Amino acid sequence: MSNISILFRREFSSFFATPVAYVFIGIFLVLSGVFTFFVGGFFERGQADLLPFFNFHPWLYLFLVPAIAMRSWSEERKSGTIELLMTLPISTWQAMLAKHLAAWAVLGLSLLLTFPLWLTVNYLGDPDNGIIVAAYIGSWFMAGAFLSVGICMSALTKNQVIAFILSIVVCFVFVVSGSNIVLDAFKGWAPNEVIDLVASFSFLTHFEAMAKGVIAMNDVMYFLIVTICWLFAGLVLIEQKKAD
Amino acid sequence: MISVKNLFKSFNGFQAVNDLSFDIKPGEVVGFLGPNGAGKSTTMKMLTGFLLPTSGEINISDLSLKQSALAIKQKIGYLPEGAPAYGDMTPFQFLSFIAKVRGYKGTEKAQKIDKVVKQVELHEVLDKPIDNLSKGFKRRVGLAQALIHDPDILILDEPTDGLDPNQKHQVRELIKNLSKDKIVIISTHILEEVTAVCNRVMIISKGKLLFDDTPNTLNRQSKYYGAVTLHFSYRADSSELAELEGVAEIEEDLQTGRLTLFPEPGADILHLVTAHAQRCKLPVDSLYVEQGRLDQVFRQITQEDNM
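Line order of the protein sequences matches chains L and Z. Just so we're aligned, residue 1 is where the first sequence starts under the working numbering, counting upward by one. Just so we're aligned, residue 245 is where the second sequence starts under the working numbering, counting upward by one.
If we strip away everything but chain L, and leave its shape as in the complex, we get:
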């Protein structure tokens, strides 16, 4: 346990030793503002909630989370520090978990820093703050799932750009499988069970309820299981590819 916290602190502070975390948080805040006010029509809707803010999160994460995840293993392999890390008395799963938690903490921090939006909506109206907190938690769990895909792809290759593109593609599949574009293609010929199955793989489907403030166990479990599965896949990959 203490190994994980030591590794976590190293990873977390390395995000802030380089401009990575600052750039990430800055862009996240700017983009979420743009989406909420200009695209989401926050004022025009005239409703005291943050739905226009949360609705864009899957699309925001789609590009931003792979960017923060791509360096996690790729850089270790490229610079050779993986040899150092793996010959220290720690297990690979501890390193994997610490990397995930550190990047997840940065994502959590970015979410927390969107608090001016919450202040705004409370100033303008009288929203249900329970719903907003639930949506924040849901969004953070979804970010964790995106992150695990990114970390797994980063374990796959030494090249950060390839890791970035691969994780966008995989995340995109997970996001759109619940959107109407994909579901319409199935409708009409596929049985409802198939459509439900496809939709149930989607981050969108599971996040939709959470964005409205409903934290259902199955949605949280879905994101947790997705996260664990991708991290485990990454663990298998890194064990095999560490010396390449």
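In case anyone wonders, no lab produced these hints; they're calculated from the structure. Watch out, some of these pointers could steer you wrong.
[Unchecked claim] Under the rule of at most 20 Å between Cα atoms (straight-line distance), these lysine to any residue pairs were calculated in the SDA-like manner:
1. Lys450/Z x Ala243/L
2. Lys353/Z x Leu88/L
3. Lys412/Z x Ala440/Z
4. Lys241/L x Lys353/Z
5. Lys362/Z x Asn410/Z
Remember, it's a predicted structure, so these values are computed and weren't measured experimentally.
Starting from the structure of chain L, add chain Z where the hints point.
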């Protein structure tokens, strides 16, 4: 105590390590020699548990590396090839991180860092990012990281590569001054380094162990071992030298004018040569006994294998 039995490692059909077996006892400073791609680094990576062998067994301090990897990693200090380190950290942060992973806390941690910083003389760069350090300092950060927990087994992959002569000397002194009951394994391309710090030499080529003995024995394999080289201040008749008892062969370097007399195996020809030079009043201005030329032995051993 390290014991390696029938170690094999292959990468996609390429046999990197081919049936290596050896034992290393505490107190031995072993030099791994070999051409590039001989399997030195691969062997070291397997000893440190970074790579898994294709087959074969590694036991360290009576523990099997397969079963008790973590316990063994505690005992090993390892400097990987190229001395990788986290470039965004300063040497102090980096050493502090390593010390924490090695299980030190509080004042003990501070003492360990302090000691190792003195040992490799890092104080002037302690707060600069590692990325901005010169090659020599980076290498020293890597060494400090390997030494910080005072390990029983020290494995250094090319510890002096890229250092200037002063720094090389420093690192060699450091290795020599380590306590006498440790196991040290270093790999190097610099042959003199082996005679300077090691008490055992292993030459590996194409994954096979070709030579395993003391540096002295390696020297003795040289054709030049015990040969006498002399130089005349002006041209003189040297034909009689070849006739001396015990001289097997004579070789003249036309460019420098140096004569080298090779002894018959086991013969000591120095006093015969000096006596003859005195008797015939040869104009000798320099004369010395060769200690053996390692580069020539190295070529001989590793290239024999190629044929």
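Verification of the hints:
Distance restraint check for Lys450/Z and Ala243/L: the Cα-Cα separation of roughly 19 Å lies within the 20 Å cut-off, and the hinted pair is therefore satisfied. Between the alpha carbons of Lys353/Z and Leu88/L the distance comes to roughly 16 Å, so the proposed pair stays at or under 20 Å and holds. A hinted pair counts as satisfied when its Cα atoms are at most 20 Å apart, and Lys412/Z with Ala440/Z qualifies at roughly 11 Å. At most 20 Å may separate the alpha-carbon atoms for a hinted pair to count; Lys241/L and Lys353/Z exceed this at roughly 33 Å.
Of the pairs offered as hints, the one joining Lys362/Z and Asn410/Z holds, with about 17 Å between alpha carbons and a cut-off of 20 Å not exceeded.
Violated hint: 4 only; the structure is consistent with all others.
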